[in-house]
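Based on the hints, put chain P in the right spot on chain U.
Which chain is which? The protein sequence lines are U and P, in order.
With this note's numbering applied, the first sequence closes on residue 395, and no number is skipped along the way.
With this note's numbering applied, the second sequence closes on residue 395, and no number is skipped along the way.
Any given hint might turn out to be false.
The list treats identical chains as one, so a pair stands whether inside a single copy or across any two.
[To be verified] For lysine to aspartate or glutamate, the following DMTMM-like pairs were computed, each having C-alpha atoms within a straight-line distance of at most 20 Å: (1) Lys230 - Asp311; (2) Lys158 - Asp339; (3) Lys308 - Glu320; (4) Lys309 - Asp356.
These aren't lab readings, by the way, just hints derived from the structure by calculation.
Please read all numbers here as calculations on a predicted model, not as lab measurements.
The primary structure of each chain is shown beneath.
2 protein chains.
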Amino acid sequence: MMVYAGIDLGGMNIKAGLVGDNLQLICKTSRPTDAQRSADDIVADMADMILSLAEENGIANEDIAGVGIGIPGVAKNGVVIELVNLYWKNVPLASAFQKHLDVPVFIDNDGTVAGVYEYHLGVLAGCKVGVLLTLGTGIGGGVVIDGKPFSGAHGLGTELGHLPIVPGGHACTCGNLGCFERYASASALVGVGRKCVVERPESMLCHEAGGDYRNVTAKMVFDCAKKGDAIAEAMVDEYVSYLAMGMTVLMNTLDPDVIALGGGVSAAGGFLLDKASAAMEGRGVFGGQQYAQIKIAKSGNDAGIIGAAMLAR
Amino acid sequence: MMVYAGIDLGGMNIKAGLVGDNLQLICKTSRPTDAQRSADDIVADMADMILSLAEENGIANEDIAGVGIGIPGVAKNGVVIELVNLYWKNVPLASAFQKHLDVPVFIDNDGTVAGVYEYHLGVLAGCKVGVLLTLGTGIGGGVVIDGKPFSGAHGLGTELGHLPIVPGGHACTCGNLGCFERYASASALVGVGRKCVVERPESMLCHEAGGDYRNVTAKMVFDCAKKGDAIAEAMVDEYVSYLAMGMTVLMNTLDPDVIALGGGVSAAGGFLLDKASAAMEGRGVFGGQQYAQIKIAKSGNDAGIIGAAMLAR
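So that you can see chain U by itself, here it is in the shape it has in the complex:
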């Protein structure tokens, strides 16, 4: 039996697991990343997690067919080009890992990994072109074309959070203005909600947040809107209109079968889906043509591990 190792290398935790040929998770483990450590130490830990899992589960090292690693950054040809959370720049992760376990190593952006997971086990199944947007602190993107993760020519092709959607708009951490994630991430909605708490003490959101803007969450804004509060619904509608602008760009460039919405905001479920689908109406180039369906991502706790393992399959 061949197994595939998947590693989800985050800024806070390293999650790792072994996945069977039929996509089931055999076992998993987690350790703190401790990002201040040297890259060598972190890589040694990652390899040790995989080797320990194999030993504990009676799997021979020769049966590990490959390792996939998802990172919250940019990788190309086995080299981590940029991983801000870990202070990594041009770290040859694949070759460093292979000093501990000599198997093929595949590295990709965590958004791409989540997209691969949705392709194999979620709502991008069967798509010729599938796109996942993770709506969280920022916006991550995962693109799968003909079953393969697509990251463009320089490994930068999934930076969908940095699509410019508002000329001269809000400044982004990336150095540009008007990026998609400044308007359509969970953080963007939280920002709008905080402003509401401060400026409109009579609002339901202010009441729910106990009058303290620091308590606002994206879920709280959505929940107020679901209860029919007009102020909250206006915030959600504005949020969704920006989301629709980014999705329109994706329709005209990647023309996906499905755009899956994941990340924290996707917990709003059918309410978000209905609004997003309505906001997309009429945005197609030619009337009456078929465009991307919008779906809520399946996601799940182990998506990062399983998706990474699928990179190696």
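Frame of chain U; chain P shown alone:
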């Protein structure tokens, strides 16, 4: 010897040719489209052009390995979904053509065909991801990934002229607002130039146009800018800033090796290239990373025929 037939089906003319295995054009011909005719008549004409060319050049019908057809519209699986200039909607072009000549028929958007030409014989050669923008009456797009034309899941993936770049911006023929081609096509620059002729009679452009706004061309605006006229240069710079906005979107979605600029505006050559490259500086998501190179497309009179033939190869 196998040959490939290429057809460039335009609103005004049908151009057709036979292309050898080494990509050289063996022979070509042209007839008026006469778009008011029935689709059946036009298809019969297209087939007759290919069969006549073969006969005149001593090529047996069995040696025609396939036919590629480029159209200024949308096609999927051999069916023309939308071809506004010819009043076609859901015309089964491939099967209709095969009634005259039973060979594999491949149909794609003319922007895609031009991109395929650039991949085989022009400036997209060797690209993992190559993108062509044709800056003409509108903006056409051609995307080639791993040597294959990419048109997305619904055959709509190359409608790059309809990328939304200005929220609530100018109304587009497609029904949306703020589309890329409303700001960065040759027509958009002509529109700005016409306004200048009317409003600024002292300008060099007004002088060059003989005081009549109807004489303005994109080339004329560029020529005034090249001569150092500040008013014309400001128009070109604004034009290029919009072009850069669309190209930034492409960097974040398709992440191409090369973005090739074709169409009428590309005749401005190095002057355009320098300005476009300068406008792209600092637009990358991560400082210091490698992004798409911008190049002037090779193009050429027979690009539409040869590119179409390459669809069939």
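How the hints compare with the structure:
When the C-alpha separation of Lys230 and Asp311 is checked against a cutoff of 20 Å, the pair qualifies neither within a copy, at 43 Å, nor between copies, at 50 Å. Only between protomers do Lys158 and Asp339 lie at most 20 Å apart by alpha-carbon distance; the minimum there is 14 Å, versus 26 Å within a single protomer. Taking the shortest Cα distances, Lys308 and Glu320 sit within 20 Å of each other inside one copy (15 Å), while across copies they are farther apart (43 Å). Taking the shortest alpha-carbon separations for Lys309 and Asp356, only the intra-copy value of 15 Å comes in at or below 20 Å, while the best inter-copy value is 55 Å.
Hint check: a violation occurs at hint 1 only; the rest are consistent with the structure.
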